[in-house]
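A.B. asks: Here is how the chains run, residue by residue.
There are 2 protein chains.
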Amino acid sequence: MNPRVVDIPASLIRSVAAKKKSTSVDLGLGEPSLAPNMEHFTFAMEAVAKHGIKYSANAGDHYLREAIARYYHYPDMHRAANVCVTTGSQEAMYVTLKTLLDPASDELLVVEPAFPSYVKMATLENVAVRTVAMSEEDDFAIDADRILAAIGERTRAIVICSPCNPTGRILSRSQAQRLVDALGRRSGPPIWLIHDEIYREQTFTRDAGYLAELYPYVIVTNSLSKSNALTGLRLGWILAPHEFVEQAIKAHAWVTSCADTFAQHVALHVFTTLEGVREHAPWYRERRADVMNALQQSGLRFIPIDGSFYACVRLRDGMSSLDAATELIDRHDVLAIPGIAFGPAFESWLRLSWVAPIDRVREGIERIAAYCRL
Amino acid sequence: MNPRVVDIPASLIRSVAAKKKSTSVDLGLGEPSLAPNMEHFTFAMEAVAKHGIKYSANAGDHYLREAIARYYHYPDMHRAANVCVTTGSQEAMYVTLKTLLDPASDELLVVEPAFPSYVKMATLENVAVRTVAMSEEDDFAIDADRILAAIGERTRAIVICSPCNPTGRILSRSQAQRLVDALGRRSGPPIWLIHDEIYREQTFTRDAGYLAELYPYVIVTNSLSKSNALTGLRLGWILAPHEFVEQAIKAHAWVTSCADTFAQHVALHVFTTLEGVREHAPWYRERRADVMNALQQSGLRFIPIDGSFYACVRLRDGMSSLDAATELIDRHDVLAIPGIAFGPAFESWLRLSWVAPIDRVREGIERIAAYCRL
Numbered sequence: 001m002n003p004r005v006v007d008i009p010a011s012l013i014r015s016v017a018a019k020k021k022s023t024s025v026d027l028g029l030g031e032p033s034l035a036p037n038m039e040h041f042t043f044a045m046e047a048v049a050k051h052g053i054k055y056s057a058n059a060g061d062h063y064l065r066e067a068i069a070r071y072y073h074y075p076d077m078h079r080a081a082n083v084c085v086t087t088g089s090q091e092a093m094y095v096t097l098k099t100l101l102d103p104a105s106d107e108l109l110v111v112e113p114a115f116p117s118y119v120k121m122a123t124l125e126n127v128a129v130r131t132v133a134m135s136e137e138d139d140f141a142i143d144a145d146r147i148l149a150a151i152g153e154r155t156r157a158i159v160i161c162s163p164c165n166p167t168g169r170i171l172s173r174s175q176a177q178r179l180v181d182a183l184g185r186r187s188g189p190p191i192w193l194i195h196d197e198i199y200r201e202q203t204f205t206r207d208a209g210y211l212a213e214l215y216p217y218v219i220v221t222n223s224l225s226k227s228n229a230l231t232g233l234r235l236g237w238i239l240a241p242h243e244f245v246e247q248a249i250k251a252h253a254w255v256t257s258c259a260d261t262f263a264q265h266v267a268l269h270v271f272t273t274l275e276g277v278r279e280h281a282p283w284y285r286e287r288r289a290d291v292m293n294a295l296q297q298s299g300l301r302f303i304p305i306d307g308s309f310y311a312c313v314r315l316r317d318g319m320s321s322l323d324a325a326t327e328l329i330d331r332h333d334v335l336a337i338p339g340i341a342f343g344p345a346f347e348s349w350l351r352l353s354w355v356a357p358i359d360r361v362r363e364g365i366e367r368i369a370a371y372c373r374l
Numbered sequence: 001m002n003p004r005v006v007d008i009p010a011s012l013i014r015s016v017a018a019k020k021k022s023t024s025v026d027l028g029l030g031e032p033s034l035a036p037n038m039e040h041f042t043f044a045m046e047a048v049a050k051h052g053i054k055y056s057a058n059a060g061d062h063y064l065r066e067a068i069a070r071y072y073h074y075p076d077m078h079r080a081a082n083v084c085v086t087t088g089s090q091e092a093m094y095v096t097l098k099t100l101l102d103p104a105s106d107e108l109l110v111v112e113p114a115f116p117s118y119v120k121m122a123t124l125e126n127v128a129v130r131t132v133a134m135s136e137e138d139d140f141a142i143d144a145d146r147i148l149a150a151i152g153e154r155t156r157a158i159v160i161c162s163p164c165n166p167t168g169r170i171l172s173r174s175q176a177q178r179l180v181d182a183l184g185r186r187s188g189p190p191i192w193l194i195h196d197e198i199y200r201e202q203t204f205t206r207d208a209g210y211l212a213e214l215y216p217y218v219i220v221t222n223s224l225s226k227s228n229a230l231t232g233l234r235l236g237w238i239l240a241p242h243e244f245v246e247q248a249i250k251a252h253a254w255v256t257s258c259a260d261t262f263a264q265h266v267a268l269h270v271f272t273t274l275e276g277v278r279e280h281a282p283w284y285r286e287r288r289a290d291v292m293n294a295l296q297q298s299g300l301r302f303i304p305i306d307g308s309f310y311a312c313v314r315l316r317d318g319m320s321s322l323d324a325a326t327e328l329i330d331r332h333d334v335l336a337i338p339g340i341a342f343g344p345a346f347e348s349w350l351r352l353s354w355v356a357p358i359d360r361v362r363e364g365i366e367r368i369a370a371y372c373r374l
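If you read the sequences in order, they're chains F and A.
Going by the numbering used here, the first sequence opens with residue 1, and the numbers climb by one from there.
Going by the numbering used here, the second sequence opens with residue 1, and the numbers climb by one from there.
Calculated directly from the structure, the hints in this document are not laboratory data.
Using N, Cα and C, we set each Cβ at its ideal position, and we do this for glycine too.
Treat the hints with care, since some could be wrong.
[Unchecked claim] Straight line, CA to CA, 25 Å or less: simulated SDA-like cross-link-like pairs of lysine to any residue: (1) A/Lys20 with F/His62; (2) A/Lys54 with F/Leu34; (3) A/Lys20 with F/Ala47; (4) A/Lys21 with F/Glu66; (5) A/Lys120 with F/Asn58; (6) A/Lys54 with F/Ala47; (7) A/Lys50 with F/Asn58.
[Unchecked claim] Some chain F residues flagged as far from chain A (calculated, every beta-carbon gap over 10 Å): (8) Asp138; (9) Ala182; (10) Phe271; (11) Arg301.
Kindly generate the complete structure, drawing on both the sequences and the hints.
C.D. replies: In structure tokens, the structure reads:
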């Protein structure tokens, strides 16, 4: 067998989550608790009843590709040819890394704390990985200078998740500008920026930097999973310069052939509906205010929530996040994700999702605060 | 960029198919023309309306995995733990090759004529490929001795599509037994058999060998695409020994995370319905008889159709299949796939699909026969 597959360790997040009981306060969940809008599904059902469910083009349905590109309307990336529709943003990121990086020579730089998938995928592809940790003192703000200082000779791409899973921080406009200005001044082959925008519709600041507005070598990955409570639909996309998309489509064609045609109909309806990908955004904005209040009252140190549906709280000095998460679920019936899952810089932290009913979220935060006071 | 992606050539099949006009007789299509059974979709809609559409476990819904394993009921492969649900059989094959073969040491043996994806996927993964051609004199019957003679020192897996795309031949029971007997007598690490069963429900002989019934080192890939006219649904699976499935789930988890939950509901309904994956089988059986008649009347040399929804006809000696397919679409308005797309052994052949309306299929066969008489 392939040693790179055999060597993949079991997921830390899943092994903690597996301890959840029916009574548990679940602050672990990385998916929306809202119900999806069934109108999108009704549209897709009508399309299937009328036309059956045929393969789409490898790159996805032309009208959907066009609708996605037009909606985001990034410079030089606003045409159908800039989009490859994928099986969720997971395949979007997988195909992006596979297409962009030559295992023989290239290195990926991952901005941490980060969701483990980037490092895992690169390792699976035999691509070298370097990580750069944002500063705890600065509440893990996404810092251009730290990222730039970490670039190595072989670094060909940098992956940034903003709004960030787990920290909830957002790359600011000034930091985004600082980053691309410095990259633009470099000689030699360009360094690509991969912007994972999966939590874009959970943005609670007016100061969000969008890399694709500022720099030509940007690949955006996204999906309907978080914006429209459609995690199980597996409908995502790559949005990038045409020359890159053309290559990515070829890798995508051999990995999964094409995205689900039913899911593409759902997505087409989302993108041609007035509220579209923003239909759940007001709910997150209101809920975020309640959660910020609960955090302030808890006495816990927490990271300001710029975006995403996570809140991160700090454990006492010297506590292991895995031990804490294990004790919390075993003794206090609260599921939280240990920071170590997102890189060593996040060892003293817990990630809490706040999509459960608000009373349960408050209860969970109180139990964690009590545990930290023990 | 990754040279293995950049170097992927454009698809020959797609470049010929792109010449199709609205008037063309389409014998190129590799997907059913039947309408899907909407009852499966209604069931899935009700499930989404009630429960939303959440991520499933990486390996797929437990009840679906169980239903698939029970339905095929291969020895030691009839439990949920033997199934990984995937994004179509394309991802099933991709994940299988990625998991099974170590690019540093292993080689894949592909039985040709074969659909191009096996060679392309292995090349993308930097896995060495060897091919073995079945004999034209023997109408490309799947021949155990030829396969066995082609095994090299580094061969760790053999991929066989039966019923075969493109030839329509089926591995017989005696040849299957001969193959596994010889493999079982070998010393050293086992050679795995990958059985692509995508056309299983288009089987027109009582003498079909199922490798998973005979040998412990078999990985079966399949999907609902061809059996239930659900190509666009992207719902497939890997069926294999538990130890292999456990590793494949890890690769699958990082490639696409999990299969579409809606599609899994559709599939669960298929597998728990009386006709299930056989619901379209009678149509193909009747149609195949009509097509065999048309072929016999045409005067063309053709391969007996054991299975699949393809018929293959021979060109005149020395004709290039790509030239013939190009002339046929350009001058005679018939789309057929050139044999060279399936390996050099199939250079003198055309693959015709017979899912178009029967009068059109007859018309297409007559035009090809007339062209070959020119």
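A.B. asks: Is F/Phe271 truly not at the interface, in the sense that its beta carbon sits beyond 10 Å from all beta carbons of chain A?
C.D. replies: holds, 17 Å
A.B. asks: Between A/Lys50 and F/Asn58, does the CA-CA distance stay at or below 25 Å?
C.D. replies: violated, 32 Å
A.B. asks: Hey, A/Lys21 versus F/Glu66, does the alpha-carbon distance stay inside 25 Å?
C.D. replies: OK: A/Lys21 and F/Glu66 at ~24 Å, within 25 Å.
A.B. asks: When you check the alpha-carbon spacing of A/Lys20 and F/Ala47, does it fall within 25 Å?
C.D. replies: Holds, at about 24 Å.
A.B. asks: So F/Arg301 supposedly isn't at the interface. Is its beta-carbon more than 10 Å from every beta-carbon in chain A?
C.D. replies: Fine: 31 Å to the nearest Cβ keeps F/Arg301 off the interface.
A.B. asks: Can we confirm that no CB of chain A comes within 10 Å of the CB of F/Ala182?
C.D. replies: holds, 23 Å
A.B. asks: Are A/Lys54 and F/Ala47 close enough, with their CA atoms no more than 25 Å apart?
C.D. replies: holds, 23 Å
A.B. asks: Can you confirm whether the C-alpha distance between A/Lys54 and F/Leu34 stays at or below 25 Å?
C.D. replies: holds, 10 Å
A.B. asks: Compare the distance between the alpha carbons of A/Lys120 and F/Asn58 with 25 Å, and conclude whether the hinted pair is satisfied.
C.D. replies: holds, 15 Å
A.B. asks: Far enough from chain A: is every CB of that chain over 10 Å from the CB of F/Asp138?
C.D. replies: Fine: 31 Å to the nearest Cβ keeps F/Asp138 off the interface.
A.B. asks: Measure nothing beyond the straight line between the CA atoms of A/Lys20 and F/His62; if it is 25 Å or shorter, mark the hint as holding.
C.D. replies: Since the Cα atoms of A/Lys20 and F/His62 sit roughly 18 Å apart, the hinted pair holds (cutoff 25 Å).
In the structure shown, a violation is registered for the earlier hint numbered 7 alone.
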